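Trainee: Spelled out from the first residue to the last, the chains are:
Number of protein chains: 2
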Amino acid sequence: MACSTSKQVCARLARLRKEFAARQFSAWIAPTGDPHLSEYLPEHWALRKYLSGFTGSAGTLVVTETKAALWTDSRYWEQATRQLAGTGIELMRDGESATPKIGEWLSVSVPKNSVVGADLRTLSSRVAYEIEQILARRNISLSHDGSVIDKVWKERPAASLNPVRVFEYGGATRRQKLSRVRGRMRREGASGLLISTLDDIAWMTNLRGDDIACTPVFLAFLLITRKQALLFIDSRKIGKEIVRSLAQDGIECRPYEQIWTEALPLVPENGALWLDERRTCSLFVSLAQSAEYSIIDSIQPTMEMKAHKDRRELRLIEQAMEYDGAALCEFYSWLEGALRRGGALSEWRLSEKLHEFRARSSHFFEESFTTIVAVDANAAEPHYTPEKTRSAPLKGAGILLIDSGAQYDCGTTDITRTTAIGDVPKEARRDYTAVLRGHIALASTLFPDGVFSGQLDTIARMPVWQIGEDYGHGTGHGVGFHLSVHEGPASISPRAPAENSSRVHPGLLVSNEPGLYRAGLWGIRIENLVTPVKAGSMLAVPDRHPPDRAGDAL
Amino acid sequence: MACSTSKQVCARLARLRKEFAARQFSAWIAPTGDPHLSEYLPEHWALRKYLSGFTGSAGTLVVTETKAALWTDSRYWEQATRQLAGTGIELMRDGESATPKIGEWLSVSVPKNSVVGADLRTLSSRVAYEIEQILARRNISLSHDGSVIDKVWKERPAASLNPVRVFEYGGATRRQKLSRVRGRMRREGASGLLISTLDDIAWMTNLRGDDIACTPVFLAFLLITRKQALLFIDSRKIGKEIVRSLAQDGIECRPYEQIWTEALPLVPENGALWLDERRTCSLFVSLAQSAEYSIIDSIQPTMEMKAHKDRRELRLIEQAMEYDGAALCEFYSWLEGALRRGGALSEWRLSEKLHEFRARSSHFFEESFTTIVAVDANAAEPHYTPEKTRSAPLKGAGILLIDSGAQYDCGTTDITRTTAIGDVPKEARRDYTAVLRGHIALASTLFPDGVFSGQLDTIARMPVWQIGEDYGHGTGHGVGFHLSVHEGPASISPRAPAENSSRVHPGLLVSNEPGLYRAGLWGIRIENLVTPVKAGSMLAVPDRHPPDRAGDAL
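Respectively, the protein sequence lines represent chains A and B.
The first sequence begins at 1 in our numbering and counts up one residue at a time.
The second sequence begins at 1 in our numbering and counts up one residue at a time.
Bound-form chain A, shown alone:
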């Protein structure tokens, strides 16, 4: 997308501050969020990007009468510094111990007894609660306002009306999935279960959509009670055939906006409502609390179910990997030729070319995330992506990092290769060797079925530690089945919580991607997707195993 100028950003902040007086707000919080707490946002909900000019995928902007600050994590510090220049927005380095939390910063930046505004559809209940707790010490409250966004954002894109499509691959049916979920609800004593997360809804309904770039999901809420299942969705994007087939499987459609008014009355009054406060917006949770529902705040059962792929899904994913691998081979072969021929090459040109090779497959839908093609110093920013107008040339020598993936009709891929073009310094070779040793260490270790996913992180990290370095990201993340390229709840990360939902069992699809980044010089990352296979009484995540035996013994 086009970048906003600092002048535009200043004008937008001024427009936002104008709205403060009428609402008696002392500040406004603009998180990266939609009502589904999606990781990647539909453009309709990208208010934080619009207001700040910062285009990274994570960050929260806070604006007071006189100050503005943006919290984002280490992946984006360099990019944010560049994009915030001249806007007057201060960068808050999230994750550094000296950085105050949002609530703490607000507490000393706005008057006691004042009111801070936010669109509470775009903040998770857990995050809002943490901010509220800190603000309460100075009697500052957090108040919902859903109208500021349209007032300030004149050019706001309309909500997507892209059609929803059926995604049947011959695996578990909607009815089977509903029945498993209701079984879990009975065991938890829940009368209702609210699912806000879009990939869970797509998985439950065996439908896919096109409301968010790179992720085949559609905006909806799903409420399941013991007897009913309601899909809150804009009727303009779901065909009559699908509505009928959903109804046959016991899922009724309702208008999207009715989630705020009609959902709660469907749950028995003295019943317990199951929702995950980390993955449900604050507005809905406060509505449920006001209606005096007792809330079961626990991870929704669909997340574990969809994270562990069945045998059929794993076989299809293997197919997707083959399509993807073939495209990569063609691409690298083309690249070798192009380098030999000595034509003008750039990061952007490579990303276009890679898209071309992938798009030749009839199974290809779109990229699963924005392709990263990064040369030398650009590769040191783990989330750098080239743009048409901002792309480094490929000269005779250098380190080339390509991290890319795609949505195929049979699965989602994600792969990173780092290659040396021409001669590279011996320090780069040493760094590459450490990362490769980390990757191989994880690929060749044995571990017990049921370890917490976070326990595997150190295995790939140790060889990098041994040469005195580290990397700021996790070693791996879950990947969906023709769904999100980042799929929870398991992740191979030092920060992954030791919860039952993060245990590693056969069927999980995760990446193995250690890295090493030297600011100003180069970045290295080596990534494959892997899935646990049995190895005697233990499990292993080897890079390769016979495709017809996915999930079987090594």
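The hints are simulated quantities; they were obtained by calculation from the structure and are not laboratory data.
Because the structure is a prediction, the values reported are computed rather than measured.
Heads up, a few of these hints could be off.
Intra- or inter-copy, both count: the list cannot distinguish identical chains.
[Said to hold, decoys possible] Each computed DSS-like pair below joins lysine-lysine, with the alpha-carbon atoms no more than 30 Å apart:
(1) K67 <-> K18
(2) K426 <-> K67
(3) K151 <-> K112
(4) K227 <-> K177
(5) K177 <-> K101
(6) K395 <-> K353
(7) K426 <-> K151
(8) K101 <-> K227
(9) K151 <-> K18
(10) K112 <-> K227
Add chain B to chain A, keeping to what the hints say.
Mentor: This is chain B only, laid out in the frame that chain A set:
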């Protein structure tokens, strides 16, 4: 202590149930807890042990009109099975996914709308809240009762009146510690800080006591406001000299029981009260909530401060290690001779002998935990301890595991050695090698300053995984300075949370103790205490480093 018979246990449960009617209780929860949530309890508070006959250090007993169940973790399943036999108390294997939580079990075991009783001084606020949340779904409430314990427990030991002593080692003074804590309170916006945990209070006041076996602490609460510091303690155990010296440093003494009535009024009414809900009893937190204090629920600052030892403390701890090492050398030398001579040896005799050698040092106070001397199958129970009347003989051959430690006036020790007596099977040698490789892997790895302590766990575990095995405990725990042998917040465990308070910095004192347990055959564990030293830009936790350079470069 003497074990209770199953008949005694049944009579006690009957006495407890008799109290239900007058109080309209449908059940009673007896956790392992005192008002300070101590890991090891003063005998005065050991109600759970009294009621159930189960002597393990962790577990919660729940008794309804017709049923009783005891939750305890894998360390104690074998012991609990043995000790609960014939009592009618069902063992609930805590940590297994099929085991219901206490609240869930209660929900289906007592009538809707009923009341469950507990002494809410002995449950942490966090744990009580979790149980309450689940019970609330069936409108069951949790109610405090402090009188049941005395009614049911006729032989209840009196509270300890052992005298408190000064512990000055020439390091930071009380005034310095108070000033650091008040600095943190200002930064957090706290008007008051309540400390319930006994080792933090001993550390803050530079005092030690003798109220709990193996841990030189004394029962007290400490409330710190911006201007005052109040030590709630039984005046009979604290000398006038100490009271005077405390007062000079700005710490006033108040009667222990006044914590429930006089503490809160000392905190400014519109102020925020800092306490750690995981480490503060539910009764106090509900009193604070009723008084409408806003609560800062965050780990108390003293925990991180005392976990990271200063240079002087580390030097003294090295001295304690030397006293302890010398005693162990003498013990193992004696053992070699005794084995050669072929006299009758038993686990109990060895533990007595080890005590003898340690007690020869004038710096020795007491063991820092009950000595584990375990032969063969007994060693497969990680927390087995011999008793005078229940102790295996040392025959010609076998695996001998000794895990022991002591309180010296200059530090706390904890060390485990596993030795082969005579010929042992080659499988035992293979197991020992895997554990030793794990220990050495951690001792020789490099890692960045500031990693989460849990990240180090996998390093020692991998060699054990490689032979298809695992161990159920963490790889290491923090250790106090003449304080608790298990000291938080850092621990080298898969379950250690990824919180700032768990980061590893120089000064931390932790154990490195991987293990491997084969039920019915043998157990192996190799443990040293280690502290991070600098190694270039990284840290390392080697087994040995020059004592005069503790905390310095490797």
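Trainee: Tell me, which hint numbers fail for this structure?
Mentor: 2, 7
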